[in-house]
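Q: So the sequences go chain by chain: A and B.
Under the numbering used here, residue 157 is the last one in the first sequence; the count climbs by one each step, no gaps.
Under the numbering used here, residue 189 is the last one in the second sequence; the count climbs by one each step, no gaps.
I should point out that these hints are in silico values taken from the structure, not numbers from a laboratory.
Nothing here was measured: the structure is a model prediction, and the numbers come from that model.
A virtual CB, placed ideally from N, CA and C, is assigned to each residue, including glycine.
Treat each hint with caution, since some may be false.
Said to hold, decoys possible - With beta-carbon atoms standing in for the labels, derived distance ranges:
id, chain 1, residue 1, chain 2, residue 2, range
1, B, Phe17, A, Leu152, 32 to 38 Å
2, A, Arg42, B, Thr151, 22 to 28 Å
3, B, Ile46, A, Ala119, 18 to 24 Å
4, B, Pro45, A, Cys49, 16 to 22 Å
5, A, Ser33, B, Leu36, 40 to 46 Å
6, B, Ser128, A, Pro53, 28 to 34 Å
As the list claims (entries may be wrong) - In the SDA-like style, the derived pairs of lysine to any residue whose C-alpha atoms are separated by at most 25 Å in a straight line are:
id, chain 1, residue 1, chain 2, residue 2
7, B, Lys73, B, Ala103
8, A, Lys83, B, Arg124
9, B, Lys146, A, Gln101
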Amino acid sequence: MRYLKVLLNLILLSLLCFTLPKGAAYAQQSTPSADDVNRIARDLFCPVCDNVPLDECATPVCEQWRDLIRQQLAEGWSDEEIKDYFVAQYGDRVLGLPPRQGLHWLLYILPPLGVLIGAGLLLTKLRRTPQQEPTLIEEARDPYREQVERDLENLDG
Amino acid sequence: MMRQKSVSTGKTQIWRFVTIIMIIAGVVFTLAMIGLRLLTNDRSPIALGDRPQSFMLMAFSGESIDITDLQGKVVLINFWASWCTTCDDEAELLETAWIHYQATSPDEVVFLGVAYMDAEPASRAFLSEYGITYPNGPDLRGEISKKFQVTNVPETYLLDKDGVLHAIKIGSFLSLEQIYDMVDRALAQ
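Please construct the entire structure, taking both the sequences and the accompanying hints into account.
A: Shown next as structure tokens:
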């Protein structure tokens, strides 16, 4: 009975160990770190430069956007909520990858589809092509080879 | 044996035909979609005399302003951002001009401010700092700036009473006279 109590206490303790520090860490994280901000910023792009990710951009607008991300993280927004907000505010152009909706689906579907069709055509072509490996019988029937062999025999004789 | 071979050849030919048709259909579909996209996403530059596409401005105050409702008035549309250093210079000028036209021709002139790629808290702080009272709102999804082909800020577009683009100002206004001159010319038309 005593062992059972000890075992139950150990289980409870281990459960607390798994849950408490995580909660405590969130509670302490009132000001998100630069890494937290960059985790989201690297998936967004500078709106006024060409192809510069938000986490690498030094323009005032990018600084402002990173501040906004920091503020939203501090308020408890999830990564997806923040990205959705930026898309709603500034359009798809802020995303590193086109959203999977509407015509953008073509960008995701067509390349693998092309590869599949190409592979299928190649496979069909290879299957249809007859394999023409020289056999021993064919080699033996080669008239030139036979002539050479005969001449060699005559020389030996 | 011969019959089997001819059936097999027939099947192969059908498959080949179906594959070719599918590839052609795929290519035609893709080209059609790209063409449609290009047509709907016209990026040709806007010029004087053009009639810009209509848009809605959801102002920070909560009101929604439909540009088509402003026909019959001269409309000044100013694209700005709080991170833009030269926008500071003209903010006060625009507000002064707005107050002037509110007093002189209240039913004939409308000013609209569009915050371009700006974070909303920063936009609100900017408007508060410069005491801007004319309607301002965010450029949601970049739709308004796309219609005017805005590439940088500040940029100002002036529509005449018929909704036709009357004047464009790239860069900031340096004096009140520049604003009065632009608006008065449109009013005099």
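Q: Quick one: which hint numbers does this structure break? Sort them smallest to largest.
A: Hints 1, 3 contradicted; others consistent.
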